[in-house]
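Participant: So the protein lines, in turn, are chains A and B. Just so you know, our numbering puts 205 at position 40 of the first sequence, and the rest follows in order with no gaps. Just so you know, our numbering puts 630 at position 263 of the second sequence, and the rest follows in order with no gaps.
Calculated directly from the structure, the hints in this document are not laboratory data. Please read these numbers as outputs of a predicted model, since none were measured by experiment. Treat the hints loosely; a few may be bogus.
What the hints assert, rightly or not - Here are the simulated distance ranges between beta carbons: (1) B/631 - A/245: 21 to 29 Å; (2) B/479 - A/184: 35 to 43 Å; (3) A/170 - B/651: 37 to 45 Å; (4) A/170 - B/483: 49 to 57 Å; (5) A/202 - B/582: 50 to 58 Å; (6) A/243 - B/611: 27 to 35 Å; (7) B/380 - A/191: 39 to 47 Å; (8) B/380 - A/252: 23 to 31 Å; (9) A/250 - B/388: 20 to 28 Å; (10) B/531 - A/202: 40 to 48 Å; (11) B/460 - A/219: 30 to 38 Å; (12) B/530 - A/222: 15 to 23 Å.
What the hints assert, rightly or not - Restricting the straight-line Cα-Cα distance to at most 25 Å, the calculated cross-link-like pairs of lysine to any residue (SDA-like) are: (13) B/579 - A/251; (14) B/579 - A/230; (15) A/169 - B/455; (16) A/169 - B/450; (17) A/222 - B/459; (18) B/561 - A/210; (19) A/169 - B/456; (20) A/202 - B/553; (21) B/634 - B/616; (22) A/169 - B/433; (23) B/579 - A/202; (24) B/579 - A/191; (25) A/222 - B/373; (26) A/222 - A/243; (27) A/222 - B/377; (28) B/561 - B/513; (29) A/222 - B/374; (30) A/169 - B/459; (31) B/579 - B/649; (32) A/169 - B/640; (33) B/561 - A/208.
Claimed, not checked - Among chain A residues calculated to face chain B with C-beta under 7 Å, some are: (34) 167; (35) 176; (36) 182; (37) 183; (38) 186; (39) 190; (40) 203.
Glycine residues also receive a C-beta, built at the ideal position from the N, C-alpha and C atoms.
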Amino acid sequence: MAAKELPVVPSARPGTMAAGAAMERIREQRPVIDHQKCNLCRECLLYCPDAALAVDKGEVRVDWHFCKGCGICAVECPVRAITMVAEYAGNRGFIEK
Amino acid sequence: MELINSLADVPETELFTGGHGGCRGCGAALAVRQAMKALGPRTIITIPASCMATIGGSGLSTAWEIPFYHSLFECAPAVASGIRAALDIQGIKDVNVVSWAGDAGTADIGFQSLTGAAERQENIIHVCYDNETYMNTGGQAGSITPYLAVTPDTPGGKPTPRKDMLAIMAAHHPAYLATASVAYPLDLIQKFQKAGEIQGFRYIHILAPCFKGWGIREDQTVQLARLAVECGLWQLYEEIDGRRRVTVIPERRIPVREYLRLQGRFKTMDEAAIAALQAEVDRRFQEVQS
Ligand code: SF4
Ligand code: SF4
Ligand code: SF4
Chain A
166 MAAKELPVVP SARPGTMAAG AAMERIREQR PVIDHQKCNL CRECLLYCPD AALAVDKGEV
226 RVDWHFCKGC GICAVECPVR AITMVAEYAG NRGFIEK
Chain B
368 MELINSLADV PETELFTGGH GGCRGCGAAL AVRQAMKALG PRTIITIPAS CMATIGGSGL
428 STAWEIPFYH SLFECAPAVA SGIRAALDIQ GIKDVNVVSW AGDAGTADIG FQSLTGAAER
488 QENIIHVCYD NETYMNTGGQ AGSITPYLAV TPDTPGGKPT PRKDMLAIMA AHHPAYLATA
548 SVAYPLDLIQ KFQKAGEIQG FRYIHILAPC FKGWGIREDQ TVQLARLAVE CGLWQLYEEI
608 DGRRRVTVIP ERRIPVREYL RLQGRFKTMD EAAIAALQAE VDRRFQEVQS
C-alpha cells in the first residue's frame, strides 16, 4: 500500500481534555469577581493560562471545570475587581476522632 | 490583513482548551493560548519533548482543537518541514505549519534540526517558548539559562552567560524574526498574525515564565514577564528581512535588581554581579532601541 493511502488515525479526539476536566479537585483558592467594579476591559481573559474566563451576558464568568486557582487574574485586573478566596474554609489540619 | 488592535477583537474560540495538564499559572500554556488566537484553526503544530507537549494530552485525550504531533526532542523543525512538503504535494496552501519547542528543544537538543530548517528556508514558523530551564525534566540548566541562575544542577548559580539565541537565528536571515512576551498579548498576537502572512522561515521567541523554575509564586507569571521587559532584559521587537522595529517601548524602566530580587533562582547573586548585569542591559538596550 502506498504511504499516502494509509488511513489517518488520530490518537485522541480534539478537545477531549476539556470535556473531562475537573480542576475543582486541585483548586485551593478561587477567584471571586466583583461585577460592580469590573469594567469589562477583558484583560484577565487573555492572561488566564487555563481559558477559564469568558464574557457571558455582559459579565466575566469563570468556568469552574477549568480554573485551577492560580490567581493571575486577580493580580492582573487593573481595577482589582477579582479577589482570591480559599476553596475550603473549614477546620485546618487533621480530623479529630 | 487587519491586525487585532483591541482585546474586544480577539477571537473567542479556544484552539488550546482549558482542562490541559499544565501547572497552575503555567506561562507555557498561556503563550500557546495567546498565539492560537492569531494562528487560527488552519494550523498544524508539532511539539518535541517538553512541558508543552505533555500538558496538551496523551494518546487518549487532548486539549488541542487542531492537529498536534508530539515529535522526538531533536526534530520538531524537521517534522514541520515534512508536514509542509506533504501539504505542498497536495496543493494545500492555507495552513500554518508550526514547530513549537521549549528552550531545550530550540537552543540545545533541537538545534541541529532548527538550524537545518532555517538554512533551507523552510516555509514554517518555529516558536521558542522560553522558560529558561529544562522544566519538563526537573529544571536543569541549558544554554539559554541566565548567568548565575540556581537550578538543580547549578546549585551555586549557572557559571556561564545565556547564549544569544536571537543573534544566532538572525544570522540565518529568516523572513521574519520576533521576540514576544506573555505579558503583552496584543503584541504577541499581532506578531503571529504577521508571521502567518509571510512565506519562508519565521522565528518567534517568547519569554514564558515558569513559577517552579524561577522561584516565584504561581500568580506572578505575567507580572515577571512584564518586569523582564520593563527592566530591559527582554526587549520586544521584530525583524522583517533583517530590518528591526521595536514594537513595545516600556512605559517605565526599572532597575534589573527589582526583577531579579523577586526570583528565588537569583538568590546567590551579589550586588557586584547585579551591577555588571545592569551595565550589560543598558548597553544592549541602547543597541536595540537605536
Ligand atoms: S485563578 Fe487562574 S485559572 Fe482561575 S480564572 Fe484566574 S487566571 Fe484563570
Ligand atoms: S481584568 Fe478586571 S476589570 Fe477587566 S474584565 Fe477582568 S475582572 Fe473585569
Ligand atoms: S513546570 Fe513550568 S512550564 Fe512546565 S507545566 Fe509547570 S508551570 Fe508550565
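Participant: If a hint holds in the structure, say so; if it doesn't, say that too.
Facilitator: Hints versus structure:
1. B/631 - A/245: 21 to 29 Å: Given range 21 to 29 Å: holds, Cβ gap about 26 Å.
2. B/479 - A/184: 35 to 43 Å: holds, 38 Å
3. A/170 - B/651: 37 to 45 Å: Given range 37 to 45 Å: violated, Cβ gap about 54 Å.
4. A/170 - B/483: 49 to 57 Å: violated, 29 Å
5. A/202 - B/582: 50 to 58 Å: violated, 32 Å
6. A/243 - B/611: 27 to 35 Å: holds, 31 Å
7. B/380 - A/191: 39 to 47 Å: For residue 380 of chain B and residue 191 of chain A the Cβ distance comes to about 26 Å; the hint is violated.
8. B/380 - A/252: 23 to 31 Å: holds, 29 Å
9. A/250 - B/388: 20 to 28 Å: Cβ of residue 250 of chain A to Cβ of residue 388 of chain B: about 25 Å, so the range 20 to 28 Å holds.
10. B/531 - A/202: 40 to 48 Å: Roughly 44 Å apart at Cβ, these two residues keep to the hinted range, so it holds.
11. B/460 - A/219: 30 to 38 Å: holds, 33 Å
12. B/530 - A/222: 15 to 23 Å: violated, 50 Å
13. B/579 - A/251: Answer holds: residue 579 of chain B to residue 251 of chain A is near 22 Å, not above 25 Å.
14. B/579 - A/230: holds, 23 Å
15. A/169 - B/455: holds, 14 Å
16. A/169 - B/450: Holds, at about 13 Å.
17. A/222 - B/459: violated, 39 Å
18. B/561 - A/210: holds, 22 Å
19. A/169 - B/456: Cα-Cα ~11 Å, so holds.
20. A/202 - B/553: holds, 24 Å
21. B/634 - B/616: Not OK: residue 634 of chain B and residue 616 of chain B at ~29 Å, beyond 25 Å, violated.
22. A/169 - B/433: At roughly 21 Å apart (the allowed maximum being 25 Å), residue 433 of chain B and residue 169 of chain A satisfy the hint.
23. B/579 - A/202: Status violated; Cα separation ~32 Å.
24. B/579 - A/191: holds, 17 Å
25. A/222 - B/373: holds, 20 Å
26. A/222 - A/243: holds, 21 Å
27. A/222 - B/377: holds, 17 Å
28. B/561 - B/513: violated, 29 Å
29. A/222 - B/374: Given pair residue 222 of chain A, residue 374 of chain B holds - Cα atoms ~17 Å apart, limit 25 Å.
30. A/169 - B/459: With a Cα-Cα distance of about 15 Å, the restraint between residue 169 of chain A and residue 459 of chain B holds, given a limit of 25 Å.
31. B/579 - B/649: violated, 28 Å
32. A/169 - B/640: At roughly 58 Å apart (the allowed maximum being 25 Å), residue 640 of chain B and residue 169 of chain A break the hint.
33. B/561 - A/208: holds, 22 Å
34. 167: Since chain B brings no Cβ nearer than about 12 Å to residue 167 of chain A, farther than 7 Å, the hint is violated.
35. 176: holds, 4 Å
36. 182: holds, 4 Å
37. 183: Nearest chain B Cβ about 4 Å off; hint holds.
38. 186: Since chain B brings a Cβ to about 3 Å from residue 186 of chain A, closer than 7 Å, the hint holds.
39. 190: violated, 12 Å
40. 203: violated, 14 Å
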